[in-house]
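J.: From first to last, the protein sequence lines are chains D and W. Per my numbering, the first sequence starts with residue -14, numbered consecutively. Per my numbering, the second sequence starts with residue 656, numbered consecutively.
These are computed hints drawn from the structure, not numbers from a lab. Quick caveat: nothing in here was measured; it's all calculated off a predicted structure. Errors might be hidden in some of the hints.
Below, in silico cross-link-like pairs of lysine-lysine (BS3-like), each with a Cα-Cα straight-line distance of 25 angstroms or less [what the hints assert, rightly or not]:
(1) D:55 / W:787
(2) W:980 / D:51
(3) W:721 / D:55
(4) W:1223 / W:1014
(5) W:966 / D:55
Just a few of them, taken from the derived set where beta-carbon distance is under 10 angstroms, the chain W residues facing chain D [what the hints assert, rightly or not]:
(6) 782
(7) 806
(8) 838
(9) 969
Note that beta-carbon positions come from the ideal geometry of N, C-alpha and C, so glycine has one too.
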Amino acid sequence: MSKENRHIIAVLMENESGALSRVAGLFSMRGYNIESLTVAPTNDPTLSRATVVTRGDDRTIEQITKQLNKLVDIVRLVDLTEAAHVEREMMLIKVRATGNQREEIKRLTDIFRSKIIDVTESTYIVELTGDSHKLDAFMSSVGDDHILEVVRSGVTGIARGERGLKV
Amino acid sequence: MELSGGEIIIRTLQDEGVEYVFGYPGGAVLHIYDAIFRQQAVQHILVRHEQGATHMADGYARATGKPGVVLVTSGPGATNAITGIATAHLDSIPLVVITGQVTSKYIGTDAFQEVDAIGCTRPCVKHNFMVKSIDEIATVMRKAFYVATTGRPGPVVVDIPKDFTAPHIKIPYEYPEQVNMRSYVPVSGGHSGQVRKAVELLAQAKRPVIYSGGGVLMSGADSELRQITRELGYPITSTLMGLGAYPSSDDQFIGMLGMHGTYEANMSMHNCDVLLAVGARFDDRVTGEIAHFCPNAKIIHIDIDPTSISKNISVDVPIVGDVKKVLLRMIELLAEDSRRANPAEISAWWDQIKQWQAKKSLAYEASDTVIKPQFVVEKLWEVTNGDAYVTSDVGQHQMWAAQYYGFNKPRRWINSGGLGTMGFGLPAALGVKFAYPDEDVVCITGEASIQMCLQELSTAKQYALPVKVINLNNRYLGMVRQWQEFAYEGRYSHSYVDALPDFLKLAESYGHVGMKIESPADVEGALREAFAMKDRLVFMDFITDDTENVYPMIEAGKGHQEMRMHPKAGELA
Ligand SMILES: Cc1ncc(C[n+]2csc(CCOP(=O)(O)OP(=O)(O)O)c2C)c(N)n1
Ligand SMILES: [Mg+2]
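Whenever a hint applies, use it, and build me the whole structure from the sequences.
T.: Pasting the structure below:
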């Protein structure tokens, strides 16, 4: 068995109502692993762009990209992890902020170069962007006891330089 | 020309050259049925169950290569059609299935006969379209036919809300001449470097095998397949789906491969050094246990669908392209240089294959007291000169049909190989008969399978479709019984079919001719009598040996080289 690796696949698809369920359906139907899936329209309103994070050995990833390509609504795709790329994920995290914690969280927020975007007497909401490891690290630094709520956008990514995903 | 949505649908069918629509009416499609009533160009065939409609359209498509068209209502109409859609999907058969949908403003309200047809069919179609306005109908229909019939073919569903088909809303009609889909561009050529590599590999081979599948038929490449096989002089085997693409009676044909393939075909696979896979997809019923598959072979794989390549088996020379085009190119390259590196080894390879053939793996025990199902199929071949269109259901009878009716022409063997749908045979045969009214069309079935779409005997009466039904009646879910005998120590859990109908009377009650045949001596005479009745559907109930098994067989977890032979194989050979 060859090694399982994490791959980020960026997909351009027709901005049709059924397109997303075809992508999601493909993963569940064929038993492929899916870590996150994000979708939104692009600068071209007829196209949506999805980013799928998946895990598998080379053969599985090859099948996944071929199967995605075969979906009639999909226009083009690229496996970003094949070359230099940037990936980002955004997290909004609501934390308990009372007593010493208020200073402590403020300090962590600075270290992680994130922002406190909402403040109440007992809570902060922190906005944090980075790769998934950075978000994980922030959560473990705050500690489960102080986390009230977490929402993550899922990973998006883009290839560096001239390489890209366009129609 | 101003047309209503309902009229547009029928008009697009006419513009696509559709002869028949197989369908069943209901609330959501009443406007469309009204449009059907007021025209003559497209003939509607009223079935008795929506599953029957899909199999009929499917049989028509398999025999002709043209897309089959189905029209059903929303809700239960759509769900009844799903088995047939999935059947067509797994065998890559072009269908356009129009499903009515509830009025658009009621969608999502659990309205009467509302089902999410797009969601329900998504996993078993090549593609599906939800029509969102009357203006879209013509374009969507055009795309549906285009997607269904190009690339690797498959079923396409078009879901149309009732209000878009209403008679009082009319719009100008024009059928789009071209389809423009940036997201769907079927491949064709095949990479020239890869094709050259394949030809070199074939010329160097010492123990080659050609393994051909249903893709050859889809691509209309049977003559190219014959040409390259003869040019190379190599042995050729076929999948269940590919039978008939290469003539069975030809010396280079070594029989079907796979679970119930011949000993020589499977042994050749196991021992080959170069495998040329053409329009086949390495299905688990073909490969046996993958860990043992073709251990020493370099594999060349030609297929139009990139996902078929290296899905189950890693291949050495992948060629994505239309089989016909790729084979033509290979034939050209072979003609440029007709040298084969190892003529002596090739001839030794043939000697080896002849030794395997001498085992006569398809020999069965003849009897003059009980009817052997294999004997019926052999006699059927004689009586029809091997020239009939043969559909089948699923079970032992299907394997016997494949093994003993030597198909020599393409598109004459019509069965549900991928999904294995019991109930397919009869409606599929009716679909074929619509396409070829003057040809012999036979459905080889079992007493269990036939009961799954039996109601279509009524459709056969209404449209005067004189097909012949060969019921190999062993009183068992024979294939299930066989597995229980081999793998469950003979615990025949629910595989005995009790309380069977009297098929003779049943056929008669539908207005057909029924025959019951109980003695081997009567088999041939009865067949001749039935086939002489050119204008009658004859239902032939053959009471066959209830203990007969399909041999040879690759059991679960075994490889090609470990076939289970007939227990008396030695004597029979
Ligand atoms: C719709 C459906 N249900 C169940 C099966 C599983 N199955 C495969 S063969 C078979 C028995 C078929 O019996 P019969 O039609 O009498 O054929 P025989 O094997 O006896 O020739 C069954 C139940 C199937 N293939 N299709
Ligand atoms: Mg039976």
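J.: Determine for every hint whether it applies to the structure shown.
T.: Hint by hint, here is what the structure shows:
Distance check on the hinted pair: residue 55 of chain D and residue 787 of chain W sit about 24 angstroms apart at the alpha-carbon level, within 25 angstroms; holds. A distance of roughly 22 angstroms separates the Cα atoms of residue 980 of chain W and residue 51 of chain D; the hinted pair therefore holds under the 25 angstroms criterion. Pair hint residue 721 of chain W plus residue 55 of chain D holds up; C-alpha atoms about 22 angstroms apart against a cutoff of 25 angstroms. Restraint check for residue 1223 of chain W and residue 1014 of chain W: satisfied, since their Cα atoms lie roughly 11 angstroms apart, inside the 25 angstroms limit.
The suggested pairing of residue 966 of chain W with residue 55 of chain D holds, with an alpha-carbon distance near 14 angstroms, which does not exceed 25 angstroms. The beta carbon of residue 782 of chain W comes within 4 angstroms of a beta carbon in chain D, closer than 10 angstroms, and the hint placing it at the interface holds. With its C-beta approaching chain D no nearer than about 9 angstroms, residue 806 of chain W sits inside the 10 angstroms limit, and its interface hint holds. Interface restraint check: residue 838 of chain W against chain D, minimum CB-CB distance 4 angstroms, threshold 10 angstroms, status holds.
Evaluation of the residue 969 of chain W hint against chain D yields a held restraint, the C-beta minimum of about 7 angstroms falling below 10 angstroms.
The structure fails none of the hints (numbered hints given earlier).
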